[in-house]
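Trainee: Residue-level listing of the chains:
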Amino acid sequence: MKVLLVAEKPGLLPELAGFLKDLGSKLGGVEAIAFTAAPSLDEAKKFTTYGFAKSYVAVAEQAFPDQLAKAVVEIIDKEGPDLVVGVATKMGNEVVARIAGAKGMPMFTEIVDVEAGDGAVLFHRAVLGGRAISVLKPALPAAATIPARKYEAPQPGEPGEVVEVKLPPSALSLVKVEKKEKGGINIEEAEIVVGVGRGFRKKEDLAMAEELANLLGGAVGCSRPIAADYHWLPEDAWIGISGKKIRPKLYIAIGISGAPQHMSAVMDAKVIVAVNKDKNAPVFQYTDYGVVADLYQFLPVFIQKLKEKLGG
Amino acid sequence: MNVAVFVKASLDPNMLRVDSSGKILVEDIPLAISEYDRNAVEEAIRIKEKHGGKVVAFSVLTWGPLQKRVREAEQVLREALAMGADEAYLLVDEALIPGNPYTTAEALAAMVRKVGQFDLYLTGEGSMDTLSFQVAARLGEALGIPAVSYARAIEVADGKARVTRDLEEHLETVEVSLPAVISVTGEINKPRLPTLLQIRRAFAKPLNKLSLADVGYTPPSGVVEIRDLKLLAVSRKNIMVEGSSLEEIASKLVDLLVKEGIVK
Ligand SMILES: Cc1cc2nc3c(=O)[nH]c(=O)nc-3n(C[C@H](O)[C@H](O)[C@H](O)COP(=O)(O)OP(=O)(O)OC[C@H]3O[C@@H](n4cnc5c(N)ncnc54)[C@H](O)[C@@H]3O)c2cc1C
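Chains L and H, in that order, are what the protein sequence lines are. Per the working numbering: the first sequence = residues 37 to 348. Per the working numbering: the second sequence = residues 61 to 324.
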């Protein structure tokens, strides 16, 4: 099987090579070529050392999805890969979707696993808010994206052949770029995470959650609207299928309804606690210990009891 | 300014149904308008309110069984009409069920080619059931026009759109000539809730049904085969911590966390 790896920036090639190794071990006989865009050939060459038969590099300071897709389509026409694989960043999904659209291929976004045998592949995807897994068999050639940062880079080897390609112009023009604020919190590493949702009425009230997290030595995370709509917390605190996936020892969901898109990202927590004033909130289906209470009344009391325990 | 908006009748992930082995019972899960397509409808209506023109909603039915699902898909389009869309088209054909982003996008493109030209084509960034994030990009290719994904702001002026793309690390504002396809995020606006009167009036608006023969598209068969669809098991203790006062409940919860070895 011939696989074309598509990396919108060279730093994604190592994890794509990691995926390739996994695929090769299941399928055997995998040949890979790579495409990436980089400010210089030298920059790209640092990442093309994973046994790719050939690496195509577009030299560009910045590129839009339509340009990258067009460049890759030309390579596909030349190389005829069976599988086109990118990384499921927002950019990567868009580039690969354009390629799949242009070439009339099915595409499988953010595949969580691959099964292979008898020359056929089966892709596993998380669907229905992350609550279910679908197993899909594509007609080849097909395209897919792999979750970002899932696969470890294999040992680098000899630099393969590198071919420079031109990028066609884009239909988009850049007006401005604003960097998003970072909170510097790493909820993926935290052992205890206090999750806050729309049950909190204003930003200042999150102080209660912060106090609780501090007491427990944990971090504060949140549901999508708290970060994306209200900007009460930076986006690195956002938990869910479109945010961070976490696996702490304890997750406490406070004022969170328990939407599948949120809860599917905390299912690996060892213990889950929820505080919600609605006894029918779906969040209680996912909890070990549920408390039906108004968070504004319960949290001060809970914090007090914890202090007594920890102090004594 | 004429705007086409694509809405999906999605399986509602809040209403999952399974059999005893965990297999998803697709046919028993209700369809609802995909969350971010509602934002796309809202944005289309706001653009119409500002610039005039009309809003036409399009949908391809992607889940069976057909008999039962047609009504649900019509209901989804009626919702777009109640919000303020002027007209709607629904494409129903056995050959498009179960759907995949490839044949769905091609079918949507065939529909708009049949119905007319638009200045702007809007849709949600991804559907709430299958989360593939592909349709806008594929539509750009299928219609041969620019496509911009993940918009959290759109400004239209002088035959151009200025779009703020919400990417992981930054907000990127780009300009693109119209016509163009744009996908929107859930944060771009707050969709209006139609009034009872608007809901009633929506029944008088045209909702047209089309088949593949009407739009002249033949999907390839066997592009994607669904081998399995299973719920991820949840096994939790599901204990409700109760008591006669908040103090009692809080103490019990602290004790439970001590027992779990989390609070020391
Ligand atoms: C494609 C897609 C992707 C998505 N991705 C994500 C994601 O990554 N992460 C995510 O979180 N969401 C995501 N969502 C959104 C998700 O569907 C929900 O809308 C969201 O998680 C709801 O956030 P919430 O629980 O904070 O708010 P709500 O659903 O509004 O819940 C608030 C809860 O607070 C309770 N409450 C209110 N007042 C009090 C009080 N005083 N005391 C105690 N409880 C109180 C209420 O009973 C309610 O249950 C996504 C949706 C889609 C369609």
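Wrong hints could be hidden among the right ones.
Claimed, not checked - Derived DSS-like pairs: lysine-lysine, alpha-carbon spacing no greater than 27 Å straight-line: (1) H:K312 to L:K343; (2) L:K285 to H:K297; (3) L:K306 to H:K174; (4) L:K341 to H:K312.
Unchecked claim - Residues from chain L shown here face chain H by an in silico Cβ test under 8 Å; the list is partial: (5) S61; (6) L63; (7) T145; (8) S209.
Keep in mind the hints are simulated off the structure, nothing from the lab. Cβ atoms here follow ideal geometry from the backbone N, Cα and C, with glycine treated the same way.
Trainee: With chain H as the partner, please determine if S209 of chain L meets the hint condition of a C-beta pair closer than 8 Å.
Mentor: Interface hint status for S209 of chain L: holds (5 Å vs cutoff 8 Å).
Trainee: Quick check on the hint: T145 of chain L CB to chain H CB, less than 8 Å?
Mentor: holds, 5 Å
Trainee: Given the proposed pairing of K306 of chain L with K174 of chain H, does the C-alpha separation stay at or below 27 Å?
Mentor: Violated, at roughly 54 Å.
Trainee: Are K312 of chain H and K343 of chain L close enough, with their CA atoms no more than 27 Å apart?
Mentor: holds, 14 Å
Trainee: Any CB of chain H closer than 8 Å to the CB of L63 of chain L?
Mentor: violated, 17 Å
Trainee: Holds or violated: are the alpha carbons of K285 of chain L and K297 of chain H at most 27 Å from each other?
Mentor: Answer holds: K285 of chain L to K297 of chain H is near 15 Å, not above 27 Å.
Trainee: Has the given pair, K341 of chain L with K312 of chain H, been kept, meaning a C-alpha gap of at most 27 Å?
Mentor: holds, 10 Å
Trainee: Mind checking the CB of S61 of chain L against every CB in chain H and telling me if the closest is under 8 Å?
Mentor: Violated - the Cβ of S61 of chain L stays beyond 8 Å from chain H, reaching only about 21 Å at its closest.
Violated hints, listed in ascending order, are 3, 5 and 6; each of the other numbered hints is respected by the structure.
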